[in-house]
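Chains as they are written, first to last, in full-length UniProt numbering: chain W, 1 to 447; chain D, 1 to 318.
Keep in mind that the hints were calculated from the coordinates and are not lab data.
Ideal Cβ positions, reconstructed from N, Cα and C, are used throughout, including at glycine.
One thing to keep in mind: the hints can contain errors.
[As the list claims (entries may be wrong)] If you only want the chain D side, here are some residues facing chain W, beta carbon under 7 Å, derived: (1) 64; (2) 70; (3) 71; (4) 91; (5) 95; (6) 161; (7) 280; (8) 312; (9) 313; (10) 314.
[Stated by the list, open to error] Restricting the straight-line Cα-Cα distance to at most 25 Å, the calculated cross-link-like pairs of lysine to any residue (SDA-like) are: (11) W:94 <-> D:43; (12) W:94 <-> D:130; (13) W:270 <-> D:167; (14) W:227 <-> D:69; (15) W:94 <-> D:57; (16) W:437 <-> D:279; (17) W:434 <-> D:167; (18) W:434 <-> D:43.
[What the hints assert, rightly or not] Facing chain D, a subset of chain W residues (Cβ under 10 Å, in silico): (19) 250; (20) 269; (21) 413.
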Amino acid sequence: MRNTASHVRLAAALTAAASVAVLAGCSSSSGHSGSSVAAASCAPAKGKVTLQYWNTVPGMDQVVALWNKQNPDIQVRTKNISNDQYGTLGNALKAGSAPDLAQVGYDELPNLRTQNAFVDASQCSAATAARSKFVPWTWSQASFGNTGVFAFPQDTGPMALFVRSDIFAKYHLPVPKTWDEYASDAQKLHTADKNLSMTFFDPNNAEWFNGLLWQNSAKMYGYSDDKWQVTVDSVQSRQVADYWQKLIDAKEVRTDLANGSTQMYAAYQKDQIASYVGAAWGYSMFRDNLPSQAGKWSIVPMPTWSTSAASGDWGGSTVAFMKGSKHLYESVKFNTWLNTDPQALALENKLGGLYPAATAGLQLPALSQGVPYYNNEKIFDVFAQSSKDIDTSFAWGPTQKTVNLSLQDAMAKAAAGNGALTGALSTAQATALKSMKDLAIPAEAGK
Amino acid sequence: MTDTETRAERVVAAPDVPRPRRRRPGGGPRAGTIAAFVTPFFLPFVLFYLVPVGYALWQSFRVVRRTGGQYGTSYTTFGGFHQYGQVLQNSEFWSSIGRIGLFGVVQVPVMLFVALIMALLLDTPLLKAKAFFRISAFMPYAVPGVIAAIMWSYLYSPQLSPVVDLLGHLGLHPDFLGPSAVLWSTANVSTWLWTGYNMLIMFSALQAIPQELYEAAKLDGASNWAIAWRIKVPIIAPSIVLTTVFSIIGTLQLYAEPAVLRQISSNISSTFTPNMLAYAVASGNNYQQAAAISVVIALITFVLSFGFMRLTSKRAGL
C-alpha cells in the first residue's frame with residue numbers, strides 16, 4: 001500500500017525525499033518477507049503447468065526439450081545462469097521471483113538455506129522415496145542429514161589421480177598408493193629434472209583443497225548445543241596443509257597455475273607436469289584441451305593417508321526446490337526424471353559432462369566402457385569406486401563462500417612465501433566465526 | 001544575475017508590453033512544460049541514481065538478526081553505526097585503501113604526465129600525420145577494461161607471452177604476476193587504457209587557445225619550449241585538474257583490471273581493491289556491511305576529489 005502511494009508521489013514530485021520514502025516502504029517489507037516458512041502442499045495442479053528451472057549445465061535445454069516432448073502438461077522452461085549463479089539466485093530470492101527449481105552446488109546449500117531459499121518437499125512421498133536412488137553422501141548433503149528434502153543430487157566430482165604414464169615410466173616412478181609415496185615420487189622427479197613438477201597447487205581454489213580435507217575426514221562444521229561448531233582448523237586439516245606446504249617449500253609442486261586456465265594447459269602441453277589431482281568431470285578437460293597427449297594419460301585412485309580407502313569430492317551440484325514454487329508435485333516429478341532417468345542422465349553426461357549422483361547413473365553405457373583418450377581404460381570404474389569411498393558425514397558451513405575466499409587469500413600469501421598453509425587454516429577458521437557472527441548465525445569454535 | 005533580473009523587472013513593469021493571451025493564471029502550462037522536459041532526465045536519475053544511493057545508505061545502518069534453530073530466519077533491524085565500526089576495524093579494508101593509495105600516487109602522475117607530453121606534441125606544428133597519432137593514442141580507450149586486462153594477462157603470463165619469452169632469451173626473467181610486481185602490472189593496464197582519453201581532454205583544451213597568443217609570444221622572442229611550458233600548460237591547467245580528479249575517482253573505484261588479472265595470479269587477493277572487498281563481502285550475503293564499505297569509499301572519494309580541487313584552485317587561482 002505504502003509502496004504504491006510513494007511511487008505516485010515519486011512520479012509527481014521527482015524529489016529525493018520521495019525516493020527515500022520508497023526505500024523505507026520497499027525495504028522494510030522485504031526485510032520481513034523471509035520470515036514465514038510456508039507449509040508446502042503436494043497436491044497436483046489441475047491442468048497445464050509451467051515450471052522454471054535455472055541451471056548452469058551446457059546442453060540442459062536439450063535435456064529439458066526431451067521432457068517437454070513427453071510431458072505436454074508439465075512444461076519446463078530453462079534459463080542458464082552460469083554467468084553469476086548465486087548472485088542471480090540471491091537477487092531473485094530477494095525480489096520474490098525465484099524459479100521452481102535451481103542448480104545449487106553442495107557447498108552452497110547451507111548458505112542458501114540460511115536465506116530461506118528452499119521449500120521442504122518431504123510432503124511429497126515421491127520425494128522421500130527418491131533417497132534410495134542416490135549415492136549416500138549426496139543425499140545426506142541435499143537433505144541436510146535427513147531433516148527434509150530440499151534438493152535432489154544431480155552430479156558429483158569424486159576425486160582421483162590423473163597420471164602421465166609416459167613421464168612416470170621414463171623416470172621409473174611407481175604409481176603412488178599413499179600420499180607419502182606421492183611425495184617421494186615428486187622429490188625423485190624434481191631431482192631428476194628441475195623443470196619438472198609432480199603437480200601444481202592452485203592457492204585460489206579452495207573447492208579443490210576442501211576436497212582434499214574431506215578425504216582426510218577433516219570435518220569443517222558440526223552442530224551441537226544450539227550452535228554451529230567450527231572446526232575448519234583441525235588436526236586432520238593441518239595434516240593436509242602441512243603436507244602441501246612441504247611440497248611447495250621444496251618447489252616440487254608449482255603454485256603459479258590456476259586450475260583450468262590456458263596457462264595450466266600450456267604447462268601440461270609442454271610436458272612440465274606429471275600428474276593432476278582431479279575430479280570425475282575433469283576427464284574431458286584433458287581430452288578436449290590436450291588432444292596430442294592421447295594415450296599418455298591414466299587415471300588411478302587418489303593416494304590415501306592410511307591403508308584404508310578414502311576419497312573426497314570436488315564440485316558437483318544439486319537441483320533445489322526453491323521457495324515460492326506453486327507446483328511442488330510437478331517439480332518433484334520433473335526433478336526425479338531429470339536426475340534418475342537413464343535417458344536423461346545419459347544425455348546430461350554426453351552434453352554437459354555430468355557425472356551422475358544417481359546410483360543407476362553409474363551403470364550408464366557411456367560410463368562402463370573404456371575411454372579411447374585414456375588408452376581405453378575403464379576410467380569411470382575408478383571414479384565409481386571413489387564415489388563409494390567418500391565420507392558421508394562431511395558437511396558445509398553457512399558462510400562457505402566467505403570462508404573459501406579467506407582461505408584462498410591466505411593460501412596465496414603462503415604460496416608466495418608469506419606464512420604457511422596451516423596459518424591459512426586458522427585465518428579461515430577465524431573468518432568462519434566472524435562471518436557467521438555478522439549474519440547472526442550462532443557459532444563457536446568446535447573441539 | 002542582477003543584470004538579467006533588473007531587465008526582467010523592467011519588462012514586467014512596462015505597461016504596454018503585450019502579455020501572452022493563452023496563459024492560465026498561476027503559470028500552469030509553463031510548469032508543465034518544464035516537467036515534460038526535465039522528467040526524461042530526472043526519472044532515471046532518481047530511479048537509478050538517488051534510489052540506489054539512498055538504499056545503500058539505508059542498508060548500511062541495518063544489522064542482521066535471526067530467530068530460531070540451525071538455519072533460522074533472518075531479518076534486519078536498525079543497528080546505528082555498527083557496520084561502519086566493522087569497516088573501520090577491518091584490516092583488509094585499510095590494506096586495500098593503502099594499496100590503492102600507493103597505486104594512485106604513482107600511476108596518476110605518470111599517466112597524466114605522459115598524456116600531457118603527448119597532447120603538447122600533437123599541438124606542435126612540427127609533428128606530421130597528426131590524425132593518425134591522435135586516433136592511435138585514443139584507440140585503447142575504445143577497448144573495454146575487461147578486454148584490455150585479458151589482452152595484457154596474455155602478455156604477462158610466463159607460459160604464453162612473447163614478451164616474457166623474448167626477455168628470457170636476453171637472460172631476463174621478470175615475474176609480472178609476482179607478489180610485488182602485480183600491482184604495477186595492473187597500473188600498467190590502467191595507464192594503457194586511460195592515457196589517450198586524458199590526452200584528448202588536454203588536447204582539446206590546447207585547441208581552444210587563440211593563435212594570437214602564440215604570435216604575440218613569438219614576437220616577444222619566446223621559443224617553442226617556452227610557449228609550451230609558460231603559455232600552454234598554465235592555460236590548460238583546469239583540464240589537468242579535471243583529469244586528475246577523474247583519475248583519483250577511477251583509482252578508488254578500480255575493479256575490472258585486477259579482477260581479471262586475479263584469474264591468472266593468486267597474488268591478487270579477493271580484497272585487493274576497496275571495490276573488490278565490497279563485492280566479496282556482498283557475495284558472502286553481508287549486504288549491510290558491503291553497503292557501509294561502499295559509503296565509506298564514496299566519502300573518501302568525495303574528500304579526495306574536492307580536497308584536490310580546492311587545493312589546486314587556491315594555488316593556481318583558477
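- Message: Next pair to validate is residue 437 of chain W with residue 279 of chain D; report whether the Cα-Cα distance is within 25 Å.
- Response: Roughly 19 Å separates the two Cα atoms, so the pair holds.
- Take the C-alpha atoms of residue 434 of chain W and residue 43 of chain D, compute the straight-line distance between them, and say whether it is at most 25 Å. 40 Å, violated
- Go through the hint on residue 413 of chain W and say holds or violated, using the shortest Cβ distance to chain D against 10 Å. Holds. Min distance 8 Å.
- Task: Take a quick look at whether residue 434 of chain W and residue 167 of chain D sit within 25 Å of each other, Cα to Cα.
- Result: 46 Å, violated
- Query: Would the stated hint for residue 314 of chain D survive a check requiring a Cβ distance to chain W of less than 7 Å?
  - Reply: Since the shortest Cβ distance to chain W is 31 Å, the answer is violated.
- Task: Decide if the proposed pair is consistent with the structure: residue 94 of chain W and residue 130 of chain D, CA atoms, cutoff 25 Å inclusive.
- Result: Not satisfied, since the Cα-Cα distance of roughly 54 Å exceeds 25 Å.
- Under the criterion that the straight-line Cα-Cα distance not exceed 25 Å, is the pair residue 227 of chain W, residue 69 of chain D satisfied? 8 Å, holds
- Task: May I ask you to test the interface hint for residue 161 of chain D with respect to chain W, counting a Cβ-Cβ separation under 7 Å as satisfied?
- Result: 10 Å, violated
- Classify the hint on residue 312 of chain D as holds or violated, based on whether any CB of chain W lies nearer than 7 Å to its CB. Result: violated, 30 Å to nearest chain W Cβ.
- Item | Minimum beta-carbon distance criterion (7 Å), residue 91 of chain D to chain W | 12 Å, violated
- Satisfaction of the residue 269 of chain W interface hint, Cβ to chain D closer than 10 Å: 9 Å, holds
- Grab the minimum C-beta distance from residue 71 of chain D to chain W and call the hint holds if it beats 7 Å, violated otherwise. This interface hint holds because 5 Å falls under the 7 Å limit.
Hints 4, 5, 6, 8, 9, 10, 12, 17, 18, 19 from the list above are not met by this structure, while the remaining hints are.
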